[in-house]
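J.: Chain by chain, the residues run as shown.
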Amino acid sequence: MTATTEAKAERDTARPSLSIGAAARFAAPIGLVIVFVIFFIATPNFLTVANLTDLLVSASILMVLAMGQQLVISVAGIDLSVGSNLPWAAATLGFAYTNGANLAVAMLLALVAGGLVGLLNGLLVARLGMTDFIVTLGSLSVVSGATLLLTGGNTVAVSSPFMQGLALDGVGPVRWFWLVAIVAALLTAFLLFKTKTGTHLLATGGNLEAARGTGINVARTRMLAYVLSGLACGVAGILLVARTGGADPSLQTDLLLSSIAAVVLGGSSLFGGRASVLGSAVGAVLLTSLINGFTLIGISQNYQPVAVGVVVLGAAFISRFQK
Amino acid sequence: MADDSGRRPAGKAPLVEIRGVTKSFDAVRALQGVDLTIEEGTVTALLGDNGAGKSTLVRCLTGVHSPDDGEILFRGETIKLGSPDDARHLGIETVFQDLGLIEDLQVWQNLYLNRELTRGFVPIRVLDKKQMIANSATILADLDVNVPNVRATVRRMSGGQRQSVAIARAANWGTTLVIMDEPTAALGVRETAAVEKLIGRLRSNGVTVLLVSHDMDQVMRVADSAWVLRRGRTAANRKMADTTGDELVGLITGAIAGDAGA
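Protein sequence lines correspond, in order, to chains A and B. Here the first sequence stands for residues 1 to 323, where the numbers follow the numbering used here. Here the second sequence stands for residues 1 to 262, where the numbers follow the numbering used here.
Mixed in with the good hints there might be a few duds.
To be verified - With a Cα cut of at most 27 Å, we get these calculated DSSO-like pairs of lysine-lysine:
| no. | chain 1 | residue 1 | chain 2 | residue 2 |
| --- | --- | --- | --- | --- |
| 1 | B | Lys-239 | B | Lys-197 |
| 2 | B | Lys-130 | A | Lys-194 |
| 3 | B | Lys-129 | A | Lys-194 |
| 4 | B | Lys-130 | A | Lys-196 |
| 5 | B | Lys-129 | A | Lys-196 |
Quick caveat, the hints were computed from the structure, so don't treat them as lab data.
In isolation and in its complexed conformation, chain B is listed as follows:
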């Protein structure tokens, strides 16, 4: 499957295709040839035990690390991600576990951080606060994110609200791919449900999501397909319709032998 996709017409190429990517840190071989495909408009889960290479792979996709070998294709074309800026230019946004929000800034300031709207003429350009506040309210309303006031500081928000703001920010700017690193790890039951609903809404809005998660039930609920990494290699690829949580756990731990090539 991975091999013939490059020959598909450009419009049909998967959004992201990773081929034989390796990455070592001194003696540690974090990635030893990973293949993975993310289809446009789907929620793809990335699974694996601690140390399987999930984080390293995500960092390769976001331009934090560059792979030692192998290639990353974006819409069928090979790309080099030298820095997080490169990834951002392609519309790849990441919600890391620490969320990357500034507590003392207000919600709208966080949503527009480093993408501020300004008005006036060079060299004196003034922040267009009204516009940003109005847009922020719309962005959050469109995703049905429940934040009482976009002018409240993030410091006063619950974990779920923060997660939602961070995801909304990524979704708003990450027009092609939003990567989420265990988005519900720190959340309670009700907040987890809200975030899962949010992921569902992103998909119906046509946003592609790569979801790193340890929660098999969650993956079964929200993902379309899953890729399992084991010891730096791709172990398996499953469509959610054709698998069970138990099988995925087996693939992660190695109780079930992997069947993905390479």
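Extracted from the complex, chain A is given alone in its bound form:
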């Protein structure tokens, strides 16, 4: 989907042959193939059109989140607030809709709510120079509390034909969810690899002082990454409401780790300056496949966080060799 832009960016940086470094760079596609083979052998229900359709639909939310996370990681930051910003955006949508707002307005409010959290993170990190890890850990907690206060801790049901259509329909065999995820990935790739701003994001993440030295407004650049990550949470929040038929303020906190894992698996550097949109997209599909396959085989839900965590640790281990 983003193959052309990716391939160009990749070709020149990926030359150091088939070392373990190359394995790190291609961890996500390699892992995806392995996972597919294993589940294909384990159960006939995995490699079916119905299951893959479903798998890709549930991967879409993670993919949108991963795109936002990708941008923040590109500038050598990290956005931990994703874990609560997603339910926050979803709850905002539900709250507005159940209080009589037009659905379009409610969806817009979800985007604004997500973007505001991103803006707050960006201001604290980029303008006030606070540590990204602490800032977003703090806002993770603040925003989850705000969500509980907004909803009173209850699930808000959103029953709307439009939302149902968004979750269940599409153009021919292509589901709306996939389209949203693909558009998000294409926009991210366009921004990173085709625009001035993208170069500045990568430069800021690669070497903050050097980027500042060439006159790049590094504060504004970093802030932009956090705001876009917040907006990605808004988009993902809308998808989440569509998929679950409502907003559960306690749901989906495991998507935080998964969003970071997808980016790391995709071959981006956690130290910033290097991005692979295609890799992050594949990483998101890989993690979702893992959970999907586990469910099909009937392995207890409780093993899922263990598996995701192990995959992340494995990716982090391999990326040590990526220089």
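Starting from the known structure of chain A, fit chain B onto it as the hints suggest.
T.: Coordinates of chain B only, in the frame set by chain A:
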């Protein structure tokens, strides 16, 4: 010499003239009245022991610090450098010791960083990669910089190649003055020679260079004139033709008394 230069016709004024510049950081008086002239189209060396005020002076010239007192004249006119952007607008570029390159970006991306060429219409402007890559190859070829491929990342380059890329970037945009802070401090013999040749080519292309260096042999080889700072003051000014490395060392250490006014 410094006093009558302001009265010269504007076309003949030195590129940069620094008069009585002082700068203190709390109790530390880094610069206590420095005078210095950089003539257009020459390589001027700035010498001095550690703590003599070289770095502070360079930072005043690049807009990082603003002087407490004194004035900086650019082509005969007093200027205020409030930020590095101001210096950049005058065409003053600096190659700091850390080079300021982004390792994970390719050579052409570094050369064009924050000066990217774009095509298309507002609001969607796309990077003109082809043009930038082609121009980068030309920029490096003109300066005879030996970089195998402008599409290679800086991470995979040797120290000398990096230094050359950084200098080429500064020279390409720094149309009036390129300041180099110990450009060969981290380089081997052969790479040092290549960088010195590059400085020579800049001069023949009409670029003015201010060279901060500790290497007297190098200064004798590449500079036209030298200014020596000692404890925040101008100690001496020598034309290379009229001095020796030993004399410069003496002026730096104070073994030979300075003779510049102020």
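J.: Give me the numbers of the hints this structure contradicts, sorted from smallest to largest.
T.: none
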